[in-house]
Amino acid sequence: MKMSNWLDWQLIVSGIFIAAIAAIGVSSTSDYVVQILVLATIYAAVALSWSIAGGLGGLLLLGFISFYGIGAYTNGILFTKYGISPWINIVLAAGFAGLLGWLIAAVTLRYELSEDYFAMFTVGLSQALKIVLLNSEYFGRATGIYITIVKDDWAMMSFVSRKPYLLIALLILVVIIAASYWIQRSTFGFRLAAVRQNSRAAEALGINPVKTKIQAIIVSGALGGSVGAFYSQFVTFIDPKQVFSLATNFEMLLGAVLGGRLTLIGPILGAATLKPLQDVLRGVFGGEADALYLVLYGALLIVSCLALPKGIAFYIEKWHRKRYGNS
Amino acid sequence: MNSPLLKLDCLTKRFRGLTAVDRVNMTVDEGQIVGIVGPNGSGKTTTFACVSGFLRPEEGRVIFQGKDITGLQPYQIARLGISRTFQIVQSFEELTVLDNVVLGALKPDEANHSISIAEARNQAAEIIDLVGLASDARKLSGSLGIPGRKRLEIARALATRPKLLLLDEVMAGLRPVEVDQAVEMIKTIRDRGVTIVVVEHLMRAVLALSEKLYVIHHGAVLAQGINPREVLGRPEVVDAYFGKATLDA
Amino acid sequence: MTTALAIQLLLLGLLQGGIYALVACGLTLIYGVMKVVNFAHAEFLTLGMFLAITAFQLFGLNPYTAAPFIFAIVFILGAIAQQIVIRPALRYPQINQMLITIGLSILLVGMMQLLWGPNNQVVKLSWARATFDFEIAGGEVSLSYVRLIAAVVAVAVAGLAWWILKYTRTGNAMRAAAQNPLAARLMGINVSRINLLTFGFGTGLAALSGALISPAFFVNPTFGTDYFILAAFVIVVLGTMGNFVGALVGGLIIGMAEALGGLFLGAAMRQFVSLSVFVIVLLFLPRGIFRGRMS
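Protein chains in written order, with my numbering: chain A, 1 to 327; chain B, 1 to 249; chain C, 1 to 295.
Note that these hints are calculated values from the structure, not bench results.
Note that the structure is a prediction, hence the values are computed from the model and not measured.
Hints may be right or wrong, so weigh each one.
Quick list of the computed label-pair ranges, beta carbon to beta carbon [as the list claims (entries may be wrong)]: (1) C:Leu10 <-> A:Val132: 37 to 45 Å; (2) A:Lys211 <-> C:Thr170: 44 to 52 Å; (3) A:Ser28 <-> C:Thr222: 50 to 58 Å; (4) A:Val175 <-> C:Tyr92: 45 to 53 Å; (5) B:Ser3 <-> A:Gly15: 35 to 43 Å; (6) A:Val175 <-> B:Thr19: 54 to 62 Å; (7) B:Ala125 <-> A:Tyr138: 41 to 49 Å.
The C-beta atom is built at its ideal place from N, Cα and C for all residues, glycine as well.
Kindly generate the complete structure, drawing on both the sequences and the hints.
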């Protein structure tokens, strides 16, 4: 592992970042601070999950929240109705979300739909799922699902304090970082990059673009689903409008894009700074003056997308290239 | 006599009324360098596209190593051992020169097995030396000039360890001294055991390389022979390139 | 469920469809020419409604008189937005473009909330509740005049827009730019100017639709996103993205489909109908019911 290698450097920095978050969180006396840190970690984890298909894969996977919501409800239902441990549910959620990813990919890629269609399909699907759940008795309709925590129980991922959740969230983030790191170093990563940059030329090199894209969507979806499952356990209350929210969807994507969706550190950086920033802005301007928050947030979105099309990590990479020569 | 490595059997490709490839018959023996020439728009690149799977012919067959590969997907054909360059250079802009070639070396075989990345890096380094891009290895491929990009195309195709290499007008835009270098490089590639089919405009290169020449006009094989100079001197070929007026003059 | 009631619901669906059509036409026009999915489209509709309210409250103008002015104002605003926000984005990857129009949508909702507040408002037209009644199939059908006028005008404007696209120089330039921007440039068409006009025109149509329906609804800043954006996207895809006539026809189809959905599944499921059509169309008729773009 060398600092001069861009990917390795990102891994090391991410590790330091996570250690820092853990340190701040554990030593903090404010529940509010821990809450923000957990949510920032969750957003970072989702953004990084998305970046495998949406960044490395170059796919316009706009409606990502479907996986998150499926994951959330997987844990919500299995925990409250069947008493299954969230530790297991997180894995099951990855399975269900991955399955959904396979369905979406297999169906849409068959038709060689343009990217715009694909994007709109994924968005439409997420809202369709929302409406189905809103009308489903089994899933709690609009009332949603409540998870009651009475006492600490590690086996059931139930804690009175917020701090253990932070550590678990960071653990999940570490797993996803490891996944992205491994992919970027693997043949699969090469294939993704090739298909993203030039699908035709990739085909001439024996790469099956459709299969590669399907794999990317499954991986991204599965990871996103697992984060969603954890989220439901953390917030202890979910409803369709919350976990299938388009607003949340775009916030998470925004973190990945602004941070730099092609990199390891970009989505983490982007999401982890954006989420707290949002909450602070909302705190300052919220309530009656919600309008001002919206204006600022919308303007921020526009300006940063225009000014940093490749994300912040692009500039960090340039600096790294200059500092260390080539990877 | 051995069966040919590649055989085109009455290959026909039509685009809504325009017959771009017209009942083309062609054979390429293992270890040969075969040249294909013809005026612009005569169907040479379309033929390549049919062979490599990017287009599906209406009629006819493409037979590679005795196996009918007509209509297979491009990636399947690549895995069987046919590689090509594109007329308009295609590159992976965000990757370095080295990684471009590594990508080629990672090409899976028919059983979808790839070599390791480390091994691919070794093979890529060797090929980059061969084509003369060693000093540019770590640069982003987007920063190369045209001759460099052409070399990269060839390098990447070569890295796939092809049995058959299709080169589509790789000499275009090169200066004479670069053309000579390219000719030498192509011969070296053949000496490594790769069968090559070259589509070219540049007569000098064609004459220097081809052991067998096909002349294509209006999608059909106009002339063929194992003596390129003689083939190019035939009246119907001269006519195709320059028009009847010259013939009478 | 009497026949008369069924007819009433279907006719209402048709009227709603007319409005949908005009909104979708603007959206599909923008996509066809600029290849940009305008996620902020619904906000321009809402803006049109608010402008109608202001015109009524400040100047006593009814929405129908104010409509041309509202169109003009939003046309200009849309053109400005295009210049500042959309135009630079065209060079960027699609995900950036989409996020930028989403940002624009959020920005507009915020601005409308700043200017008009978050609460429901309406144009208090004296005859807003008047209906056109007639007897049919042994029962009575009652159609609101506002909706009737809105639908008729909307379809008329859509027809006018279609005529402009087909028979004027600028319209043809738009269609050329939609088919092949590079070739259009080479033919001397100023594609930047066309993009400007297209975005202004498309958003203007959305605002016009808003003005036309304003007496019939209580407006708040998220009105457009809540009630129209989904249908608009479904229609654009159904009618083939970029196809103007497709958007018109698609609008009427979706209007009716929603009415039928409401008939059989209950009012709450109307959105579900749009979404189902959406998912089904994308799965089985991805290119929409028409072929090609801008025909």
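Status of each hint after checking the structure:
The supplied range of 37 to 45 Å is broken by leucine 10 (chain C) and valine 132 (chain A), whose beta-carbon atoms lie about 26 Å from each other. Distance hint check for lysine 211 (chain A) and threonine 170 (chain C): the Cβ-Cβ separation is about 46 Å, which falls inside the suggested range of 44 to 52 Å. Taken as a hint, the range 50 to 58 Å is violated for the pair serine 28 (chain A) and threonine 222 (chain C), whose Cβ atoms sit roughly 36 Å apart. Evaluation of the 45 to 53 Å hint for valine 175 (chain A) and tyrosine 92 (chain C) yields a failure: the beta carbon distance comes to about 32 Å.
About 59 Å separates the C-beta atoms of serine 3 (chain B) and glycine 15 (chain A), a value inconsistent with the hinted range of 35 to 43 Å. For valine 175 (chain A) and threonine 19 (chain B), the hinted distance range of 54 to 62 Å is satisfied, since their beta carbons lie about 57 Å from each other. Alanine 125 (chain B) and tyrosine 138 (chain A) have their C-beta atoms about 59 Å apart, which leaves the hinted 41 to 49 Å range violated.
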